[in-house]
Amino acid sequence: GAGVSQSPRYKVAKRGQDVALRCDPISGHVSLFWYQQALGQGPEFLTYFQNEAQLDKSGLPSDRFFAERPEGSVSTLKIQRTQQEDSAVYLCASSPTGNGYEQYFGPGTRLTVT
Amino acid sequence: AQRVTQPEKLLSVFKGAPVELKCNYSYSGSPELFWYVQYSRQRLQLLLRHISRESIKGFTADLNKGETSFHLKKPFAQEEDSAMYYCALRLGGGSYIPTFGRGTSLIVHP
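The listed protein sequences derive, respectively, from chains A and B. Residues 136 to 249, numbered by this note's numbering, are exactly what the first sequence covers, in order. Residues 3 to 112, numbered by this note's numbering, are exactly what the second sequence covers, in order.
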């Protein structure tokens, strides 16, 4: 079956623009994670959903970042008033279990803020 | 706060040579440790986890609590092992947030 998909794969935004990144998890997966991966670094946790509930958003770097998963399936990560430091690859992962023990990653969205 | 250190940014070996990718962590409790791999132009995927005590694609990793390490080893490297490898830690007790190291790029020369 299809794996986790993310769109767009690449996004160039001018500083100050708002962007929305989409994640389609594997059907039936309960947990969904968002990560930010800066160049040369490992993924860093942003936020976590169990079904439609956002159980942890402690990794969101500022209040410009907002994520939702209204029907417990597709998720959107929104970044308002983008800054250059937001340039990174944004990864989404889904898991069939509530604790996210085995995560399946999407291909990522590469965001470049100019 | 917990931390994962992968001291080598790049590891270069010849085919057939043994390989060891180092991972050290800082956490006083009983963590869950994982290795993830990302092959060229592919997505990040789980390679193995310490709790399973498994060998995947010839790779093994043993959790050494005394040295707080979880090094990834393979006795005979293959060219297809060339990839980016990330060590990750989760706190025990049902915590779901992983902490990743910065990754080690393994290049296996023919």
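Simulated from the structure, these hints should not be mistaken for laboratory data. One should not assume that every hint holds.
Stated by the list, open to error - Pair by pair, the computed Cβ-Cβ distance ranges are:
(1) Lys149/A to Glu22/B: 29 to 37 angstroms
(2) Gln47/B to Arg245/A: 17 to 25 angstroms
(3) Gly68/B to Ser162/A: 41 to 49 angstroms
(4) Arg199/A to Arg104/B: 23 to 31 angstroms
(5) Lys17/B to Glu187/A: 28 to 36 angstroms
Note that the Cβ used here is the ideal one computed from N, Cα and C, for glycine as well.
Quick rundown of the hints versus the structure:
no.	hint	result
1	Lys149/A to Glu22/B: 29 to 37 angstroms	45 angstroms, violated
2	Gln47/B to Arg245/A: 17 to 25 angstroms	19 angstroms, holds
3	Gly68/B to Ser162/A: 41 to 49 angstroms	43 angstroms, holds
4	Arg199/A to Arg104/B: 23 to 31 angstroms	25 angstroms, holds
5	Lys17/B to Glu187/A: 28 to 36 angstroms	49 angstroms, violated
Hints 1, 5 from the earlier list are contradicted by this structure; the remaining hints agree with it.
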